[in-house]
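Position 522 of the sequence shown, counting from 1, maps to 522 under the UniProt record's numbering, and the rest follow consecutively.
Read the hints as simulated data drawn from the structure, not as lab findings. Values in this document were obtained by computation on a predicted structure and should not be read as measured data. Hints may be right or wrong, so weigh each one.
[Stated by the list, open to error] Distance condition first, Cα-Cα at most 20 angstroms in a straight line; then the derived SDA-like pairs of lysine to any residue:
no., residue 1, residue 2
1, Lys283, Asp320
2, Lys161, Trp207
3, Lys161, Asn125
4, Lys598, Met704
5, Lys363, Lys283
6, Lys581, Ile713
[To be verified] Have a look at the derived ranges for each label pair, beta carbon to beta carbon:
no., residue 1, residue 2, range
7, Asp377, Thr222, 29 to 37 angstroms
8, Glu155, Gln475, 47 to 55 angstroms
9, Ser577, Lys18, 51 to 59 angstroms
Glycine residues also receive a C-beta, built at the ideal position from the N, C-alpha and C atoms.
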Amino acid sequence: MENNSTPAFRGLAYIVFKNIKLNDFNNKIPIFSFEVTRHPNVNYSKLKNINNTADLIQSIAIIPGSGEFILDPQIQYKCTHNNKVAVNCHNNLKLANSVVSLNQLLNTCSNLKWIAPVVCWFGTNLEADKCKVLPKVEYYDYGPKWQVADYNRNEAPLISKDFTGNLRYGGSINDQSLLRYLALLKSKQLKIMLYPIIMMDINGKPWRGNIHAPQCNTALNTVIATFFRGGKEYTTINPKKGSYNYFILHYAKLALGKVDAFIIGSELKNLTSVYNSFSKAEKFPAVLELIELAKAVKSILGNQVLVSYAADWSEYHHVDTNDGHYYHLDILWACEAIDFVGIDAYFPLTHTQDSNIDIKEIKHGWESGEGYDYYFDNNQPKKFDNVNLAWKNIRHWWSQHHIDSNGQKTVWAPKMKPIWFTEFGIPSVDKATNQPNIFFDSNSNAQQYLKYSTGAVDFLIQSKAIKATLEYWQQHSDMVKNIFLWAWDARPYPTWPTNTYWQDRALWETGHWINGKLTGTNLAAIVTELCTKSGIDIVDVTSINDEAAGFLITKNHKAINIINMLRCCYFFDIKTSATNKISFVVRNHKTNLYLSVKQCVIQSCKAPVNYAIISQNQILNNINLTFINTNNYCLTTYNYASKDHNQPYNLNLPVVTSIQHAQNICQTILKNANIESIVLNFALPIRYIYLEVSDIIVLSTEDMEFIVRITNIKYFQLIIIITAVGQKIEN
Numbered sequence: 001m002e003n004n005s006t007p008a009f010r011g012l013a014y015i016v017f018k019n020i021k022l023n024d025f026n027n028k029i030p031i032f033s034f035e036v037t038r039h040p041n042v043n044y045s046k047l048k049n050i051n052n053t054a055d056l057i058q059s060i061a062i063i064p065g066s067g068e069f070i071l072d073p074q075i076q077y078k079c080t081h082n083n084k085v086a087v088n089c090h091n092n093l094k095l096a097n098s099v100v101s102l103n104q105l106l107n108t109c110s111n112l113k114w115i116a117p118v119v120c121w122f123g124t125n126l127e128a129d130k131c132k133v134l135p136k137v138e139y140y141d142y143g144p145k146w147q148v149a150d151y152n153r154n155e156a157p158l159i160s161k162d163f164t165g166n167l168r169y170g171g172s173i174n175d176q177s178l179l180r181y182l183a184l185l186k187s188k189q190l191k192i193m194l195y196p197i198i199m200m201d202i203n204g205k206p207w208r209g210n211i212h213a214p215q216c217n218t219a220l221n222t223v224i225a226t227f228f229r230g231g232k233e234y235t236t237i238n239p240k241k242g243s244y245n246y247f248i249l250h251y252a253k254l255a256l257g258k259v260d261a262f263i264i265g266s267e268l269k270n271l272t273s274v275y276n277s278f279s280k281a282e283k284f285p286a287v288l289e290l291i292e293l294a295k296a297v298k299s300i301l302g303n304q305v306l307v308s309y310a311a312d313w314s315e316y317h318h319v320d321t322n323d324g325h326y327y328h329l330d331i332l333w334a335c336e337a338i339d340f341v342g343i344d345a346y347f348p349l350t351h352t353q354d355s356n357i358d359i360k361e362i363k364h365g366w367e368s369g370e371g372y373d374y375y376f377d378n379n380q381p382k383k384f385d386n387v388n389l390a391w392k393n394i395r396h397w398w399s400q401h402h403i404d405s406n407g408q409k410t411v412w413a414p415k416m417k418p419i420w421f422t423e424f425g426i427p428s429v430d431k432a433t434n435q436p437n438i439f440f441d442s443n444s445n446a447q448q449y450l451k452y453s454t455g456a457v458d459f460l461i462q463s464k465a466i467k468a469t470l471e472y473w474q475q476h477s478d479m480v481k482n483i484f485l486w487a488w489d490a491r492p493y494p495t496w497p498t499n500t501y502w503q504d505r506a507l508w509e510t511g512h513w514i515n516g517k518l519t520g521t522n523l524a525a526i527v528t529e530l531c532t533k534s535g536i537d538i539v540d541v542t543s544i545n546d547e548a549a550g551f552l553i554t555k556n557h558k559a560i561n562i563i564n565m566l567r568c569c570y571f572f573d574i575k576t577s578a579t580n581k582i583s584f585v586v587r588n589h590k591t592n593l594y595l596s597v598k599q600c601v602i603q604s605c606k607a608p609v610n611y612a613i614i615s616q617n618q619i620l621n622n623i624n625l626t627f628i629n630t631n632n633y634c635l636t637t638y639n640y641a642s643k644d645h646n647q648p649y650n651l652n653l654p655v656v657t658s659i660q661h662a663q664n665i666c667q668t669i670l671k672n673a674n675i676e677s678i679v680l681n682f683a684l685p686i687r688y689i690y691l692e693v694s695d696i697i698v699l700s701t702e703d704m705e706f707i708v709r710i711t712n713i714k715y716f717q718l719i720i721i722i723t724a725v726g727q728k729i730e731n
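Go ahead and model the full structure; you've got the sequences and the hints to work with.
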């Protein structure tokens with residue numbers, strides 16, 4: 001339709017069909033379903049420090065790295081009982097899963113520049129000289145043609161099964177499937193970092209970083225050579241089949257002319273730290289092997305392709321030996337075949353028992369705390385005696401010369417090469433920033449939740465931590481040039497994780513995946529638009545910089561009523577200032593002031609502190625929350641009760657959110673109902689004028705003590721009249 005003939009239905013989205021062929025639909029008008037989304041009509045450039053998390057993401061890793069045809073953009077089929085069944089199409093669009101997932105990724109992360117497809121072979125033993133690195137298949141009679149390196153389906157070993165009888169992993173990705181996926185990425189004008197990784201196909205699915213060699217063994221160099229090359233008789237560029245180098249060089253040759261960066265290894269921590277005290281020239285033999293491997297890969301791919309090693313966050317810096325500390329990877333980082341320092345940056349960012357962690361606290365965690373100011377020794381914090389050993393002080397490490405314990409300066413020069421975070425990610429679980437490196441998997445050795453965590457699902461802390469990290473390091477881009485978020489799954493959401501076809505589906509809720517967890521807009525932007533439409537321009541929304549999936553307004557409401565509905569979901573307060581600026585602030589959970597009743601002002605005949613206690617049978621403890629589910633955009637009612645015998649309170653909120661966030665909303669509402677069961681009124685002299693709505697006060701009377709949150713402040717002459725809610729502090 002021409003622009004000059006478009007009807008002026010402002011504020012509406014409409015679709016016009018022209019010459020539709022009804023014979024394809026039995027000569028009937030079909031039923032159409034459309035999803036129409038609109039971002040808040042605000043100028044983000046004028047919103048100080050307000051960003052959508054998804055818009056900050058420029059680089060991301062694609063997992064799971066295993067699954068024979070999981071990356072293939074062409075649909076592959078197997079034949080069972082004379083039926084042809086698609087093995088990589090589990091969606092209604094009749095497209096390969098990887099294509100649908102990639103389209104979802106590009107729609108979610110509009111500023112994406114780099115993709116890092118993960119490809120896995122499998123280790124067979126944690127002892128380096130006994131460990132073979134092999135591609136594996138799921139079944140011998142599977143159907144679709146499969147070829148990886150020199151292995152076909154009948155020659156490759158099978159993936160082993162766990163104690164439940166299920167396959168531990170999907171098979172290694174078919175070479176031709178990978179090549180087609182790389183071509184698809186290039187057609188989208190994306191840069192590619194190919195990321196080969198070892199997965200351990202043994203009991204417990206241990207971390208590859210646990211592959212080890214004996215310390216202080218005269219045969220140590222032989223053990224290391226066996227792992228990397230297959231033995232001392234083999235060379236770096238002509239390794240034995242089943243060796244680590246064979247694995248890496250295969251992908252270097254396969255990726256020639258198709259990638260922009262290449263990783264030669266990842267988190268081989270217990271190998272790179274192996275210290276040969278018997279040799280002066282080869283103290284760290286595994287590091288020397290990686291240097292030669294980097295040179296071989298560079299000779300294959302050419303100087304136009306960036307090459308590096310992805311060191312674990314606890315590996316990149318230095319290693320402690322019986323002879324003192326050594327910057328053992330410096331010779332690798334300084335090697336001419338290595339273009340950047342690669343770090344899988346799962347550093348601890350907080351050390352807190354508080355679930356309400358804000359973005360400022362997370363940003364501060366990059367320049368303070370564990371690994372920066374102190375380390376733990378037998379669970380006791382100890383300050384670093386030597387700042388040079390502070391392994392989270394990345395800037396200091398990057399900008400200084402390094403001196404080993406023997407007094408020798410290493411080959412590293414200050415600011416020698418840029419740093420890339422080859423991985424960075426956060427699980428979507430309570431207090432995730434305490435230990436971002438924890439990957440929970442009930443079928444692996446990683447079965448513990450992280451420090452102080454309840455194990456509750458928490459999408460918000462994941463989003464906050466990603467946003468805080470990307471904002472922080474994009475402001476320090478002189479050092480950290482690229483950050484690959486871990487991770488996006490090649491299987492489309494919500495088919496994965498809801499389809500029972502995949503065994504790992506239960507890991508999505510608390511895992512590092514961001515599929516289906518990041519939303520399309522921002523709470524600050526929604527509130528700003530509501531205020532602007534009400535004629536209020538002077539607002540501060542920097543404190544409520546949270547993700548919001550959406551909000552449905554079907555009829556006229558006062559803006560304050562809509563904002564109050566949002567407050568029920570995101571738990572923020574409203575405060576005003578003398579300059580007529582309205583601020584929206586997240587609820588504070590840290591005590592701002594300790595007061596005695598003697599500091600209160602007595603008003604006429606009233607007591608200094610007046611309070612009313614809500615009786616126990618009136619406290620909310622059972623709630624039905626009706627909301628719009630992000631999985632299917634249908635109304636969903638979620639019930640949550642701390643005591644299930646009471647009549648539930650029905651709360652209808654026109655918010656678009658996930659079942660996990662709905663659970664968090666209900667838990668927080670009921671928690672607040674219990675800890676805010678007392679309403680207090682008291683007055684203070686004008687010197688406390690700095691107090692604000694949402695501030696926390698501990699108020700002591702002669703016979704009891706309260707912890708309260710300010711909900712309202714009024715000024716009368718030189719008196720501040722405060723209303724607050726809270727609870728008694730039990731001694």
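(request) For the pair supplied as a hint, lysine 598 and methionine 704, confirm whether the alpha-carbon distance does not exceed 20 angstroms. (result) holds, 13 angstroms
(message) Holds or violated: lysine 363 and lysine 283, Cα atoms, limit 20 angstroms.
(response) Since the Cα atoms of lysine 363 and lysine 283 sit roughly 37 angstroms apart, the hinted pair is violated (cutoff 20 angstroms).
(message) Tell me if the straight-line CA distance from lysine 161 to asparagine 125 falls inside 20 angstroms.
(response) holds, 15 angstroms
(request) Verify the proposed pairing of lysine 161 with tryptophan 207, using a straight-line Cα cut of 20 angstroms. (result) This hinted pair holds, its Cα atoms lying about 17 angstroms apart.
(message) 47 to 55 angstroms was suggested as the range; check whether the CB atoms of glutamate 155 and glutamine 475 agree with it.
(response) holds, 51 angstroms
(request) Take a quick look at whether lysine 581 and isoleucine 713 sit within 20 angstroms of each other, Cα to Cα. (result) holds, 15 angstroms
(request) With 29 to 37 angstroms as the target window, see if aspartate 377 and threonine 222 comply at their CB atoms. (result) At 35 angstroms between Cβs, range holds.
(request) Compare the distance between the alpha carbons of lysine 283 and aspartate 320 with 20 angstroms, and conclude whether the hinted pair is satisfied. (result) Roughly 13 angstroms between the alpha carbons, so the hint for lysine 283 and aspartate 320 holds.
(message) Given the hint of 51 to 59 angstroms, is the C-beta distance from serine 577 to lysine 18 inside that range or not?
(response) Holds: the Cβ-Cβ distance is about 55 angstroms, inside 51 to 59 angstroms.
The structure fails hint 5 only (numbered hints given earlier).
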